[in-house]
Amino acid sequence: MSNTKNLFDKVWDLHSVKTLDSGQDQLLIGLHLIHEVTSPQAFEMLRDRGLKVLFPERTIATVDHIVPTENQARPFADLLAEEMMSAIEKNCIEFGVTLLDVNDSRQGIVHVVGPEQGLTQPGMTIVCGDSHTSTHGAFGSIALGIGTSQVAHVLATQTMALGRPKVRQVVVNGELGPGVTAKDVTLHIIRKLGVQGGVGYAYEYAGEVFDRMSMEERMTVCNMSIEGGARCGYINPDQTTVDYLKGRPFVPQGAAFDKAAEWWLNLASGPDAKFDDVVEFDAADIEPTVTWGITPAQSVGISENLAPISSYAPDEQTLIKEAFRYMELEENQPIKGQKIDVAFIGSCTNSRISDLREAAKVVEGRHVADHVRALVVPGSQLVRKQAIEEGLDKIFSDAGFEWREAGCSMCLAMNPDKLVGNELCASSSNRNFKGRQGSPTGRTLLMSPTMVAAAAINGCVTDVRELLTPATV
Amino acid sequence: MNEVEKITGTGIPLLLDDIDTDRIIPARFLRCVTFEGLGEHAFEDDRIQDPEHPFDKPEYQEASILVGGRNFGCGSSREHAPQSLIRWGIQAIIAESYAEIFFGNCTSLGVPAVCASRQTLEALDKAIKQNAKQEITVDLKTMKIACGDQQFDCTLPENARSALISGTYDFLAQLLKSTSEIKERAAEVPYFTSFA
Ligand code: SF4
Numbered sequence: 039m040s041n042t043k044n045l046f047d048k049v050w051d052l053h054s055v056k057t058l059d060s061g062q063d064q065l066l067i068g069l070h071l072i073h074e075v076t077s078p079q080a081f082e083m084l085r086d087r088g089l090k091v092l093f094p095e096r097t098i099a100t101v102d103h104i105v106p107t108e109n110q111a112r113p114f115a116d117l118l119a120e121e122m123m124s125a126i127e128k129n130c131i132e133f134g135v136t137l138l139d140v141n142d143s144r145q146g147i148v149h150v151v152g153p154e155q156g157l158t159q160p161g162m163t164i165v166c167g168d169s170h171t172s173t174h175g176a177f178g179s180i181a182l183g184i185g186t187s188q189v190a191h192v193l194a195t196q197t198m199a200l201g202r203p204k205v206r207q208v209v210v211n212g213e214l215g216p217g218v219t220a221k222d223v224t225l226h227i228i229r230k231l232g233v234q235g236g237v238g239y240a241y242e243y244a245g246e247v248f249d250r251m252s253m254e255e256r257m258t259v260c261n262m263s264i265e266g267g268a269r270c271g272y273i274n275p276d277q278t279t280v281d282y283l284k285g286r287p288f289v290p291q292g293a294a295f296d297k298a299a300e301w302w303l304n305l306a307s308g309p310d311a312k313f314d315d316v317v318e319f320d321a322a323d324i325e326p327t328v329t330w331g332i333t334p335a336q337s338v339g340i341s342e343n344l345a346p347i348s349s350y351a352p353d354e355q356t357l358i359k360e361a362f363r364y365m366e367l368e369e370n371q372p373i374k375g376q377k378i379d380v381a382f383i384g385s386c387t388n389s390r391i392s393d394l395r396e397a398a399k400v401v402e403g404r405h406v407a408d409h410v411r412a413l414v415v416p417g418s419q420l421v422r423k424q425a426i427e428e429g430l431d432k433i434f435s436d437a438g439f440e441w442r443e444a445g446c447s448m449c450l451a452m453n454p455d456k457l458v459g460n461e462l463c464a465s466s467s468n469r470n471f472k473g474r475q476g477s478p479t480g481r482t483l484l485m486s487p488t489m490v491a492a493a494a495i496n497g498c499v500t501d502v503r504e505l506l507t508p509a510t511v
Numbered sequence: 038m039n040e041v042e043k044i045t046g047t048g049i050p051l052l053l054d055d056i057d058t059d060r061i062i063p064a065r066f067l068r069c070v071t072f073e074g075l076g077e078h079a080f081e082d083d084r085i086q087d088p089e090h091p092f093d094k095p096e097y098q099e100a101s102i103l104v105g106g107r108n109f110g111c112g113s114s115r116e117h118a119p120q121s122l123i124r125w126g127i128q129a130i131i132a133e134s135y136a137e138i139f140f141g142n143c144t145s146l147g148v149p150a151v152c153a154s155r156q157t158l159e160a161l162d163k164a165i166k167q168n169a170k171q172e173i174t175v176d177l178k179t180m181k182i183a184c185g186d187q188q189f190d191c192t193l194p195e196n197a198r199s200a201l202i203s204g205t206y207d208f209l210a211q212l213l214k215s216t217s218e219i220k221e222r223a224a225e226v227p228y229f230t231s232f233a
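Going down the list, the sequences are from chains U and L.
Here this note's numbering is used: the first residue of the first sequence is 39, the next is one more, and so on.
Here this note's numbering is used: the first residue of the second sequence is 38, the next is one more, and so on.
Hints listed in this document are in silico derivations from the structure and should not be mistaken for laboratory results.
Small disclaimer: the values here were computed from a predicted structure and weren't measured.
Note that beta-carbon positions come from the ideal geometry of N, C-alpha and C, so glycine has one too.
It cannot be assumed that every hint is accurate.
What the hints assert, rightly or not - Which stretches of chain L does chain U cover? Using the computed rule of at least three CB atoms under 8 Å from a CB of chain U, they are:
1. 52-58
2. 80-94
3. 104-116
4. 141-152
5. 187-201
6. 214-220
Kindly produce the complete structure, drawing on both the sequences and the hints.
Structure, rendered in C-alpha cells:
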C-alpha cells in the first residue's frame, strides 16, 4: 500500500470527530495540559454554564509561570500569585483533575513535565493554553497552543474547533559543527524563514540532523516552531523516541508498550509522504546564533556583524530601526564582545538535564564575570534533583551562578525574577520581545545554553567554541 | 450569542509590524483569575515609554476599530491580549496579517480580525489621523471597509466569517452537541484505551 499521508494527516484524521458548519474540524484532544495562568477563567466558564470536565483523566495540571524560584514556601509573598495558586488547587479538586503542585516532586514547566512523565506520546493531539505547546511535537504528536476559551472547550468536550493547516517539511541535512546546538538550528530556521514564514503551516522537521538528535534536542527545535509563525512542529517518532519513553510513569508497560511502540513507529511519514511545501537547509551553514533584535528572527551567526538597515527590504526598515534603537545596538557592529548584565539558563526551550550538563561543561573551573548576575533555573524538580546528583549545582554555584528551584522564571518574569532597567540579558529562553523579561526596557539576546554560559563567564557575547576545551585548573 | 455582521465606530491607528501579545498585555497583568480590569493595562509598557501612544491620546478614547500592521498578535497564546483590547473598547481589528492563535482567540470572542492591504491600512491610518471622529465601518457581509467616501476590500477566512455572521463563533454549544460521537471516536483511538 503506497502511503502518501504524512504523520500530521494520519494523526489529524484519526482524531477528527466531524466537520463543523464553519468548515473547521472538531478535533478530539488526547492530552490537555493546564497551568495556573490560562486556566482560571476557563474553569469559571464551565461553572457559569454548569458543565463538567468530560475526560478528567486526560487533563493534567501543573504550576510554573508564577512560582517563585527562590523560596517556594506557601503562602507566596506575592498575594496575586498566591490567589492564582489557590484557584488552580480549588479548580482541580472541584473538577477532578490531577495537579502536580509545588509540593509534588514532579512539578515543573508544563512542557518539561509532560515528556518527562511520559504523558506526551507519539500520535496524540496535545493542547495547552500556552504557545510553546509545540514542544511536545518532538514525539510525533500534534501539539498546539490554545487560548483560554478553547481551554474551556477542551475541558468540557475534550474537543476543539480547528482548521487544518498545511504541512511544510523543513529538512536539515549534513553535519552540525562543534558547538552548534539544536537551539542554533531553530534560530537559524526562523532567521531564514522569518517570524511569519510558518503562518498557515504545521512543520515536519526531517533530515539527518533531526534523526541524530536526542529527544531533548528535538524538543528545543519543536518548542520554537511557534516563533517562526508555524501552528506547530513535529518530528517523526523513531527508535530514539521509543527508547526515551520506555519505563516513564504514564507510558504503558509490558505487552501494551510493545503494541504502543509498533503503533507509534507506523505513524511516521513514509518515503512517499506528500507535503504542501518543502524547504531545505544545510547543517554546515549553521553557526552558534544569537538574536540581536526584538523578534526571534532578528539574529546573526556569532562571527557576523549586524547588517546595515539599508540591506533590509524597504517595508522592513521601520521595524529594524526600532530594533536597533530599543536594543541600543548599531548597524555593522559585531555581536561578539557585546557586554551583558544578566545570564539566564532556563525556560521550556533549554532547561532540561542535557542543557544543564552541556552548560556546566563550559562553566566548570571558570567564574562568572564580576559585573554579571547569572542564574540557572531547572525546568522541573526532577531535572533539578538529577543535576544535584551529578554535582552540576555545585559547578554552577562555585562559578557564581545562582541555583534555583524549578519554574518559568525570567523567561517571562511573572515571578520575582526580572531584569531591571535596560539590562542586557543573554538568555536561553525563546522570546526577545520588548519587555519580555520583566522590565519594560529590558533587552534580551537569545542563544543556546552553552552560549549563555560562555557569555556569563566572559561578561560579553562569546563564541562558545573558544571555551569548549576544559579550563586549565 | 450575538451575530456580528457589521462594526461601525471610530478608529485608532497602530500601524506597526510584529506587535506581540506581551506588548498588548505585559505578563505581570496575567497575575489574575478573571479578565476584568485588563482593559486599562492594554499596551501599558509601550505607553509608559511613548507619551504619544495612541491608546493614551484623548481623541482615540472612544475608538472601537484598531488599525494594525503585519503579524499582529504574535507570540504568547494568552487570551488576555484580545480580552484586554475588548475591555479597552476594541470591537474589530484591521491589519495586514495576524498570528494564528491570536486570530483564533479574537474570532472566538466575536471580534472580527480582518486583513487588508498595506495601501488600505495606510489610507485608513491617514484618514484617522486627519480626523479622529471619522466613522469606519467593517462589513462582514460584503467584506468592505467604508471610511468617509472611501471604500476598501478586506478579507477574512470563510469559516471565521460565517461563524461571526451566524453568531456561532463561540463553538462550545456546537461542540457540546456531539458528546456521543466524541465518545465513539475516543474508543477508536488506541491510546484512549491504553492499547488494550
Ligand atoms: S518557560 Fe517561558 S515560554 Fe516556556 S511555558 Fe514558561 S513562560 Fe512559557
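Go through the numbered hints given earlier and state which of them the structure violates, listing their numbers in rising order.
-> none
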